[in-house]
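Engineer: Sequence:
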Amino acid sequence: MPRRYSDTLVPAYLLHARPYRETSVIADFFTQHHGRVSGVVRGVRGKQSKTKSALQPFSPLLIGWMGKHELVTVTQVESAGCYHRLLGNRLICGMYVNELLLRLLPVWQSYEMLFSDYLSGIAALADTDQSLQGLLRRFELQLLVALGYGVDFTRTANGHEIIFADKYYIYVLGEGFQDLPGNVDVSQSYLGAWLLAMSEHRYDDAAVCKVAKRLTRMLLAQLLGSKPLCCRELLMPV
1 MPRRYSDTLV
11 PAYLLHARPY
21 RETSVIADFF
31 TQHHGRVSGV
41 VRGVRGKQSK
51 TKSALQPFSP
61 LLIGWMGKHE
71 LVTVTQVESA
81 GCYHRLLGNR
91 LICGMYVNEL
101 LLRLLPVWQS
111 YEMLFSDYLS
121 GIAALADTDQ
131 SLQGLLRRFE
141 LQLLVALGYG
151 VDFTRTANGH
161 EIIFADKYYI
171 YVLGEGFQDL
181 PGNVDVSQSY
191 LGAWLLAMSE
201 HRYDDAAVCK
211 VAKRLTRMLL
221 AQLLGSKPLC
231 CRELLMPV
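My numbering numbers the first residue of the sequence shown as 1 and each following residue consecutively.
It should be emphasised that the hints constitute simulated quantities derived from the structure, not laboratory data.
Please read these numbers as outputs of a predicted model, since none were measured by experiment.
Worth double-checking, as some hints may not be accurate.
Mimicking EDC-like on lysine to aspartate or glutamate, the simulated pairs with C-alpha atoms at most 16 Å apart in a straight line are [unchecked claim]:
no., residue 1, residue 2
1, Lys227, Asp185
2, Lys167, Asp185
3, Lys50, Glu70
4, Lys213, Glu140
5, Lys52, Glu22
6, Lys167, Asp179
7, Lys227, Glu70
8, Lys52, Glu70
9, Lys210, Glu140
10, Lys47, Asp28
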């Protein structure tokens with residue numbers, strides 16, 4: 001297996017860390033150029049560790065590593081900016097976003113655009129004036145695009161017809177939006193105006209937020225499988 005190493009420090013965010021042996025942790029990072037990277041950070045739980053204070057979620061980092069396998073040895077961790085202080089529901093939302101990335105991103109696959117989306121999303125979560133509903137739906141849809149499961153909100157399946165604001169549609173997994181059949185309950189459909197709003201990430205309407213949540217939950221479920229997200233149980237209102 002080719003040797004994995006970083007010849008320069010790489011921008012990253014910590015997604016999750018779990019204890020390993022007496023003083024170390026196994027950490028998962030979301031990096032700008034290499035996607036999700038898993039590595040052992042040695043000695044970080046020791047009393048004399050200088051890395052402990054920097055190794056925090058939602059804090060921009062610069063990291064370096066070396067190794068021959070998927071699980072590398074993290075050789076450097078440095079703070080690269082101000083910590084985004086998230087509290088209450090905003091902290092839970094940040095944890096939810098991190099858990100999505102941890103569960104769905106393969107290791108060692110670059111997602112540079114998604115990394116930029118993540119930076120914007122975490123900064124927005126720290127802004128208490130911004131709606132949590134809109135922030136989460138935007139990021140969920142950006143994640144789906146990055147993974148190859150993006151949704152076209154402006155045309156029906158296979159691009160046959162543009163979405164009209166006054167018509168109702170259903171969503172078929174693996175295909176896209178289709179005209180509402182006569183035997184389907186309207187309550188399970190999507191008004192075209194809502195879809196067009198979602199295409200522009202406009203979530204100021206409660207009805208748009210509600211159907212956007214229903215749609216993203218359905219789309220993410222096919223990728224997450226039967227194992228529930230730990231943070232989702234804390235996020236029932238959003």
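Engineer: Please go over all the hints and tell whether each is borne out by the structure.
Structural biologist: Against the structure, the hints:
1. Lys227 to Asp185: violated, 29 Å
2. Lys167 to Asp185: holds, 14 Å
3. Lys50 to Glu70: violated, 25 Å
4. Lys213 to Glu140: Status holds; Cα separation ~9 Å.
5. Lys52 to Glu22: Given pair Lys52, Glu22 holds - Cα atoms ~14 Å apart, limit 16 Å.
6. Lys167 to Asp179: Within the cut-off at roughly 8 Å; holds.
7. Lys227 to Glu70: violated, 23 Å
8. Lys52 to Glu70: With a Cα-Cα distance of about 23 Å, the restraint between Lys52 and Glu70 is violated, given a limit of 16 Å.
9. Lys210 to Glu140: Holds. Lys210 to Glu140 sits at ~14 Å (cutoff 16 Å).
10. Lys47 to Asp28: Violated, at roughly 22 Å.
Of the numbered hints stated above, those contradicted by the structure are hints 1, 3, 7, 8, 10, listed in ascending order.
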